[in-house]
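Peer 1: Generate coordinates for the entire structure from the input sequences, incorporating the hints supplied.
Residue numbers (the UniProt record's numbering), protein chains in the order written: chain X, 1 to 785; chain R, 1 to 350.
Accuracy of the hints is not assured; some may be wrong.
Using 27 Å as the maximum straight-line C-alpha spacing, the simulated DSSO-like pairs for lysine-lysine come out as follows [claimed, not checked]:
no.	chain 1	residue 1	chain 2	residue 2
1	R	K122	R	K155
2	X	K218	X	K242
3	X	K344	X	K387
4	X	K252	X	K223
5	X	K107	X	K126
6	X	K173	X	K223
7	X	K160	X	K144
8	X	K596	R	K39
9	X	K430	X	K407
10	X	K596	R	K122
11	R	K122	X	K585
12	X	K594	R	K39
13	R	K344	R	K221
14	R	K122	R	K162
15	X	K594	R	K122
Source of the hints: derived by calculation from the structure; they are not laboratory data.
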Amino acid sequence: MGSDDVPLDDKAKRMRDLLSSFYSPDPSSASMPVNNTSSRFATLDTINTPSFDADQYMNLLIQKSNLEGLLQKHVEMAAEIKNLDTDLQMLVYENYNKFISATDTIKRMNNNIVGMEANMEQLLDKIISVQSRSDGVNTSLFEKREHIEKLHRTRNLLRKVQFIYDLPTRLGKCIRSEAYADAVRFYIGAMPIFKAYGDSSFQDCKRASEEAVGIITKNLQGKVFSDSESIQARAEAVMLLKQLNFPVENLKVKLFEKLEQFLVDLHLESKEIAHVSATLDGPNNHGNVTDPASSAAHESSIHEFAEAIRAYRVIFPDSEQQLVRLAQDLVNMHFEAVHRHIKKQLQSEDLLEMLRVIWSDVLLMDEVLPEAAISDFSLVAARNAVKEYVASTFSHLLLGITGTIMKVQDRQKVGVEEEYPLQSVLEASKKAVIQGCMNVLLDFRQLLDEKLELSLKLRDLTIDWVQEGFQEFFRKLNERFLFLSGKSNSGSQDLSLTQGVQGEKVLPGLVLLLAQLSLFIEQSAIPRITEEIASSFSSGGARGYEYGPAFIPAVICRTFRAAGEKCLDHYVRLRTQKISVLLRKRFTTPNWVKHKEPREVHMFVDLLLQEFEAIRGEVKQILPPELSRKHHRTDSNGSTTSSRSNPLRDDRMNRSNTQRARSQLLETHLAKLFKQKVEIFTKIEFTQESVVTTILKLCLKSLQEFVRLQTFNRRGFQQIQLDIEFLRTTLKDTSEDEAATDFLLDEVVVAAAERCLDPVPLDQPILDKLIQVKVAKTSEQNLNP
Amino acid sequence: MQGGSTGIGYGLKYQARCISDVKADTDHTSFLAATLSLKEENEVHLIRLSSDGNELICEGLFSHPNEIWDLASCPFDQRIFSTVFSSGESYGAAVWQIPELYGQLNSPQLERIASLDGHDSKIRSVLWWPTGRHDKLISIDEQNLLLWSLDTSKKTAQVQTKESAGMLHYLSGGAWDPHDVNAVAITCDSSIQFWDLRSMTKTNSIEHAHVRNLDYDMKKKYTLVTADDEFGIHIWDTRMLNFPFLELPGHAHWTWTVKCNPEIEGLILSAGTDSAVNLWLASPPNGDHLTSESLESPTRQVDPLLNSYTDYEDSVYGLAWSSRQPWIFASLSYDGRVVVESVKSHLPRK
Numbered sequence: 001m002g003s004d005d006v007p008l009d010d011k012a013k014r015m016r017d018l019l020s021s022f023y024s025p026d027p028s029s030a031s032m033p034v035n036n037t038s039s040r041f042a043t044l045d046t047i048n049t050p051s052f053d054a055d056q057y058m059n060l061l062i063q064k065s066n067l068e069g070l071l072q073k074h075v076e077m078a079a080e081i082k083n084l085d086t087d088l089q090m091l092v093y094e095n096y097n098k099f100i101s102a103t104d105t106i107k108r109m110n111n112n113i114v115g116m117e118a119n120m121e122q123l124l125d126k127i128i129s130v131q132s133r134s135d136g137v138n139t140s141l142f143e144k145r146e147h148i149e150k151l152h153r154t155r156n157l158l159r160k161v162q163f164i165y166d167l168p169t170r171l172g173k174c175i176r177s178e179a180y181a182d183a184v185r186f187y188i189g190a191m192p193i194f195k196a197y198g199d200s201s202f203q204d205c206k207r208a209s210e211e212a213v214g215i216i217t218k219n220l221q222g223k224v225f226s227d228s229e230s231i232q233a234r235a236e237a238v239m240l241l242k243q244l245n246f247p248v249e250n251l252k253v254k255l256f257e258k259l260e261q262f263l264v265d266l267h268l269e270s271k272e273i274a275h276v277s278a279t280l281d282g283p284n285n286h287g288n289v290t291d292p293a294s295s296a297a298h299e300s301s302i303h304e305f306a307e308a309i310r311a312y313r314v315i316f317p318d319s320e321q322q323l324v325r326l327a328q329d330l331v332n333m334h335f336e337a338v339h340r341h342i343k344k345q346l347q348s349e350d351l352l353e354m355l356r357v358i359w360s361d362v363l364l365m366d367e368v369l370p371e372a373a374i375s376d377f378s379l380v381a382a383r384n385a386v387k388e389y390v391a392s393t394f395s396h397l398l399l400g401i402t403g404t405i406m407k408v409q410d411r412q413k414v415g416v417e418e419e420y421p422l423q424s425v426l427e428a429s430k431k432a433v434i435q436g437c438m439n440v441l442l443d444f445r446q447l448l449d450e451k452l453e454l455s456l457k458l459r460d461l462t463i464d465w466v467q468e469g470f471q472e473f474f475r476k477l478n479e480r481f482l483f484l485s486g487k488s489n490s491g492s493q494d495l496s497l498t499q500g501v502q503g504e505k506v507l508p509g510l511v512l513l514l515a516q517l518s519l520f521i522e523q524s525a526i527p528r529i530t531e532e533i534a535s536s537f538s539s540g541g542a543r544g545y546e547y548g549p550a551f552i553p554a555v556i557c558r559t560f561r562a563a564g565e566k567c568l569d570h571y572v573r574l575r576t577q578k579i580s581v582l583l584r585k586r587f588t589t590p591n592w593v594k595h596k597e598p599r600e601v602h603m604f605v606d607l608l609l610q611e612f613e614a615i616r617g618e619v620k621q622i623l624p625p626e627l628s629r630k631h632h633r634t635d636s637n638g639s640t641t642s643s644r645s646n647p648l649r650d651d652r653m654n655r656s657n658t659q660r661a662r663s664q665l666l667e668t669h670l671a672k673l674f675k676q677k678v679e680i681f682t683k684i685e686f687t688q689e690s691v692v693t694t695i696l697k698l699c700l701k702s703l704q705e706f707v708r709l710q711t712f713n714r715r716g717f718q719q720i721q722l723d724i725e726f727l728r729t730t731l732k733d734t735s736e737d738e739a740a741t742d743f744l745l746d747e748v749v750v751a752a753a754e755r756c757l758d759p760v761p762l763d764q765p766i767l768d769k770l771i772q773v774k775v776a777k778t779s780e781q782n783l784n785p
Numbered sequence: 001m002q003g004g005s006t007g008i009g010y011g012l013k014y015q016a017r018c019i020s021d022v023k024a025d026t027d028h029t030s031f032l033a034a035t036l037s038l039k040e041e042n043e044v045h046l047i048r049l050s051s052d053g054n055e056l057i058c059e060g061l062f063s064h065p066n067e068i069w070d071l072a073s074c075p076f077d078q079r080i081f082s083t084v085f086s087s088g089e090s091y092g093a094a095v096w097q098i099p100e101l102y103g104q105l106n107s108p109q110l111e112r113i114a115s116l117d118g119h120d121s122k123i124r125s126v127l128w129w130p131t132g133r134h135d136k137l138i139s140i141d142e143q144n145l146l147l148w149s150l151d152t153s154k155k156t157a158q159v160q161t162k163e164s165a166g167m168l169h170y171l172s173g174g175a176w177d178p179h180d181v182n183a184v185a186i187t188c189d190s191s192i193q194f195w196d197l198r199s200m201t202k203t204n205s206i207e208h209a210h211v212r213n214l215d216y217d218m219k220k221k222y223t224l225v226t227a228d229d230e231f232g233i234h235i236w237d238t239r240m241l242n243f244p245f246l247e248l249p250g251h252a253h254w255t256w257t258v259k260c261n262p263e264i265e266g267l268i269l270s271a272g273t274d275s276a277v278n279l280w281l282a283s284p285p286n287g288d289h290l291t292s293e294s295l296e297s298p299t300r301q302v303d304p305l306l307n308s309y310t311d312y313e314d315s316v317y318g319l320a321w322s323s324r325q326p327w328i329f330a331s332l333s334y335d336g337r338v339v340v341e342s343v344k345s346h347l348p349r350k
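Peer 2: Written out as structure tokens, the structure is:
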């Protein structure tokens, strides 16, 4: 039996699966029964599932349960089926009941609605009747209301007319009680009516009230202009006038003009101060510039001015612009006066005094008119003024010093003979430099010491300016020096100042003086000024650190040292140039090849010596003497001199033919080779000896060069020999560097011998004799000038 | 700045004043130097710088009848040169040719191509046409300016024009403008005169006394350098003659001669009676050069003096740049010593 069941079971199951897969949307549920079939226990619960299979259930039940179980199951099932039937029955009953009650309700509503239509119509009728009644009432009351309204308007009009008729008296009352504000209000209230009917019905009334208003206006104007009234009252008056359509602008302009006039008066007054200070600025009385009376007057007037400005400002609220301009004008005027003073020379005290006055004015103005920022404005102006002052002080100083120096030239022109003109001028110039600078510094210090707010603010700037000023001053001074010495030919700037100098030839003495003055400035003046500046002008900070201090003494020192050396060089050159001209004439004029026998020392030697004398005279006045170096030098060089010059002087005397002269030339060359090289061109120092010696050496060298350019006959050579020998005796004292001088003198003779066709020197006795004669002659001349 | 002994020396037998670069010799750096001796037989030396540049070789030694005061080499023929000579009262100028076969002769004679006769006062200098082959020569005596036409093949020289500068001017030398061949600058006692050769008239002058020597800048037009006794070296713009645009201090004593470098603008040599040769670099002036002399300038200004060669025993009168090797110059001091130096190490690096 079991073997039969299995194929049949398989077939049925496949059919069912196919079906369930067809009906069921979910294939997985279709496979469930396959599982169920393998597990026999779970299958009894499928009775409530949708895939319940009654046959299978039955088969399962039969296979699984015994009879007893089956019976029991049967009983259970039968009971369950009965229960389900009852439940179903109950549900049907309930639904039926509900349906019946609904039907009842609908029937009842139908009955109720039938009576409503008639009620509604009744209501409509009633409302229509109410409306018609109310319309009736309205029409019956309309006429009366209109009448009442007309009456009311007439009454108002009457009241106004009454007011207009009363206006003149009322205004009069107001004027009497000075209640101008009310009056104006009334008048303005009446204005439209006057405008409309003024020409016809209310003519008299209008005229009367206009008269009253005229009085009011006049009173108000008076009030505005009267200084005794309180400012509020005046401002109010202006307001009222404005309401009355009075041309307030005119008033404003007038008032402003009054202020301006005030300013002009003030200006005049400050001019007066200026005048006073100018007269007091004489040489004796530098002290008090503004005498107390005038300063007091100024103070009171400026107070007045400030008050007026304040008033004006309150009265015309939007007039700052004008007032600011006015205030600035005031400051400008002040500084113009300062400017005028600076143009003339003025002391810092005076400047300070003026600044003080200005500052007090400014403070006042600032109080009255903070918008003007008048203190800033005046600060700027004061800056300019102080700057200008510093600059002008320096330019005055420069002029002063130049003037002192130029006295050399002037004296020369006038022909004043003094024993030491150069020396005195040098001293004067030195004093001018140092004293001038010190005075200037003192002056500026006063400026700094002032505790005035204005100058405190400017303190740093002032310090910088002073430092810069000094730097600039010395630069200019240096330029001026170079210009005066004729070194710089760039006369483009300061032409006007130096035109007088340019035309004339530069005096060598002046150049020497400038050289020494430069040295003095470098060595004494600058250190002193530096010290002074360091002690009182050091804290200038406005310039910024990256630029360093404005006053750089090292640079100035360097400049002046260079200038001093340049001037000294220039002096030497000027002097040698003069001598060169002399020598050139001497050597280019005669025909040396046809020279006559020498009879005496040539005149040019005298001229040469004269020149040296003049140089020594100048140098002695200006340069310091050398300190004990002479001995040393002479000693060390003495030996070379003798070894060098002996063969020349002694040996040559005996040689007469050219052959010997030739060998002698060789000899001198040899001697030159072994001799220690004589320094001819040494650096010039700032001493009498150095300068004189340098010039001497240069001139002797020139002499040598001139000789080399000529060709001599024997006589010419002898003339040169004679001249040089004489020079040798006379120049001994002049030169500090004896060795070099001697050497150069020898060189001249050698050169002449070389350039001589027949170099036969003069015999020593004749030479000596001629020199003796000359010496005697000069000493005689010196005795009897 | 001691000169030291960097130069190469060469000794002439006698004293000497003039030396000239042999411009036409393009294969060698050579110079002509001439002696100045009143009593001995004077010589002209042809000196050549050896190819390694370490030695000066005497290429030729020619006797010359009189002492030589001026010497100029012909710019187009290396064998031709001119001299100005004198002896006692007599004077003369001539153009010479170095003989072809001088190597074989013992004491070769110079061949006189032409005598520049026709001067009635002391002759000062002879100028050749600045560059290239040209037959023009100028000779200057104390009073006159003569323009010659020289024919080297026919060996003749003829005066083309002769113009007197006036009795009292005492001309002393001159320079031919390399940029304008019609212009010559002449020094005289009290001024520098500019002459136009076409009309032979003085066109302009600078009143500036005692100019010893002058030279045109080869590279920069309108630039004239002058040397004078007391006040050193001045550099002029020939269009603005009121002021020199630059002054150099010059020498401790007279500045005798100046020579502009043929290649480098502003490079100037000067020789002086202070036994020194100075090398200058005149920096081109900027517009505000006059106003720039402010306080700061001493520190900033470049020293125009590049070097001073001081290793001389006597005054230096002769100076010549080599045109072949423009960094080399020869100097001649009065004691007859030629020194050739190179300026290369002193030139500013660029």
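Peer 1: Are the hints correct? Go through all of them and say.
Peer 2: Status of each hint after checking the structure:
Distance check on the hinted pair: R:K122 and R:K155 sit about 24 Å apart at the alpha-carbon level, within 27 Å; holds. Between X:K218 and X:K242, the direct Cα distance comes to roughly 13 Å. Compliance with the 27 Å bound is thereby established for this hinted pair. Of the pairs offered as hints, the one joining X:K344 and X:K387 holds, with about 15 Å between alpha carbons and a cut-off of 27 Å not exceeded. Between X:K252 and X:K223, the direct Cα distance comes to roughly 14 Å. Compliance with the 27 Å bound is thereby established for this hinted pair.
The hinted pair formed by X:K107 and X:K126 fails the criterion: a straight-line CA distance of about 33 Å is larger than 27 Å. Of the pairs offered as hints, the one joining X:K173 and X:K223 holds, with about 18 Å between alpha carbons and a cut-off of 27 Å not exceeded. Pair hint X:K160 plus X:K144 holds up; C-alpha atoms about 25 Å apart against a cutoff of 27 Å. For the suggested pair X:K596 and R:K39, the alpha carbons sit about 21 Å apart, so the restraint of at most 27 Å is met.
Between X:K430 and X:K407 the alpha-carbon distance is near 13 Å, which keeps this suggested pair within the 27 Å criterion. Of the pairs offered as hints, the one joining X:K596 and R:K122 holds, with about 22 Å between alpha carbons and a cut-off of 27 Å not exceeded. As the CA atoms of R:K122 and X:K585 are separated by approximately 17 Å, the hinted pair is consistent with the 27 Å bound. For the suggested pair X:K594 and R:K39, the alpha carbons sit about 18 Å apart, so the restraint of at most 27 Å is met.
Of the pairs offered as hints, the one joining R:K344 and R:K221 holds, with about 24 Å between alpha carbons and a cut-off of 27 Å not exceeded. For the suggested pair R:K122 and R:K162, the alpha carbons sit about 15 Å apart, so the restraint of at most 27 Å is met. A C-alpha spacing of about 16 Å is found between X:K594 and R:K122, which places the hinted pair at or below 27 Å, so the restraint holds.
Comparing the model with each numbered hint stated earlier shows that hint 5 is the single one that does not hold.
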